[in-house]
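Protein chains in written order, with the working numbering: chain Z, 1 to 134; chain Y, 1 to 131.
Treat the hints as calculated values from the structure; they're not laboratory data. Every residue gets a Cβ at the ideal spot worked out from N, C-alpha and C, and that includes glycine. Heads up, a few of these hints could be off.
For the chain Y half of the interface with chain Z, some residues (derived, Cβ under 10 Å), not all of them [unchecked claim]:
1) Y75
2) W104
3) W121
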Amino acid sequence: MDTEITDNFADIIALAQAAFEQVDYVTDATPKRAILRLNAKYGQFRVFVTELFSDGLRKYRYYILYGDWVEAGFDNSPDSRAIRLKYGHIGKEHAGEHIPHLHQEDKTELSLTEEMNFTAFVDWVKANIQPIPH
Amino acid sequence: MKLYLGVQDLSWTSELNRGFIMLTVSIKKEYADILTTFGEPQKAIDLALQRYSIEQITAKIVELRQKEAMYQLKYGMDYPTFTQRMTEDELFSEQVEAKVNKMWEFDLADWEFCYKGVQDWTQKLQTILLT
């Protein structure tokens with residue numbers, strides 16, 4: 001695994017362990033790709049994180065759930081609804097384009113965002129979600 | 001006992017050591033004696049490393065294929081089709097979230113890692129087998 005990616009994963013794990021509880025994670029790599037899957041608790045909320053470095057892109061998913069309810073989900077997947085929101089239509093010219101966006105209200109609301117990283121996600125969680133004690 | 005190994009590394013670019021990096025590893029005397037018995041230790045270690053790498057890569061490919069098959073079964077299609085439909089078909093996205101997995105984005109990332117990972121490791125395996 002590339003040293004830069006290894007360091008990035010280590011930073012995410014360290015920050016998650018400082019910010020959340022019960023942090024569990026796995027990493028895996030191929031000669032060309034690397035992935036981190038992490039989950040944690042934030043009070044009674046559940047945090048799910050995936051970062052995939054593939055084809056020269058950082059593909060991220062940072063979600064926080066209460067039960068099965070998606071409080072907030074930041075990701076840059078090539079979601080057709082994000083493509084429509086950004087361009088006003090869905091077309092071949094935007095197929096597979098990675099668009100940073102945010103899901104809220106159990107994924108019934110979607111908005112476009114700037115590119116996110118895990119540090120910004122943690123800051124967002126701390127600013128917007130009060131952890132409900134166990 | 002310590003042996004200096006010339007380990008082939010195709011990404012190494014030094015003109016003097018192209019294709020090799022020098023690592024120092026300790027091995028048990030018992031194994032060193034055996035390697036010496038069977039001939040030149042360097043050749044034996046190269047062969048052992050090649051066999052170990054093939055074994056590890058093969059196991060990795062099997063693991064990734066199993067996960068890939070699990071995702072194919074879960075979503076009822078292969079990775080390229082799923083990616084294309086999620087990108088181009090809003091109704092399909094909504095149906096997946098309602099009936100299969102609300103957080104399909106995580107599966108998509110992992111599925112990509114498995115699908116393309118099989119290709120990555122297969123290429124590496126071919127490289128090793130050809131050297």
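Checked hints:
1. The criterion of a C-beta within 10 Å of any C-beta in chain Z is not met by Y75/Y, whose closest approach is roughly 14 Å, and the hint is violated.
2. About 8 Å separates the beta-carbon of W104/Y from the nearest beta-carbon of chain Z, less than 10 Å, and the hint is met.
3. Proximity of W121/Y to chain Z holds as hinted, the smallest CB-CB distance being about 6 Å (cut-off 10 Å).
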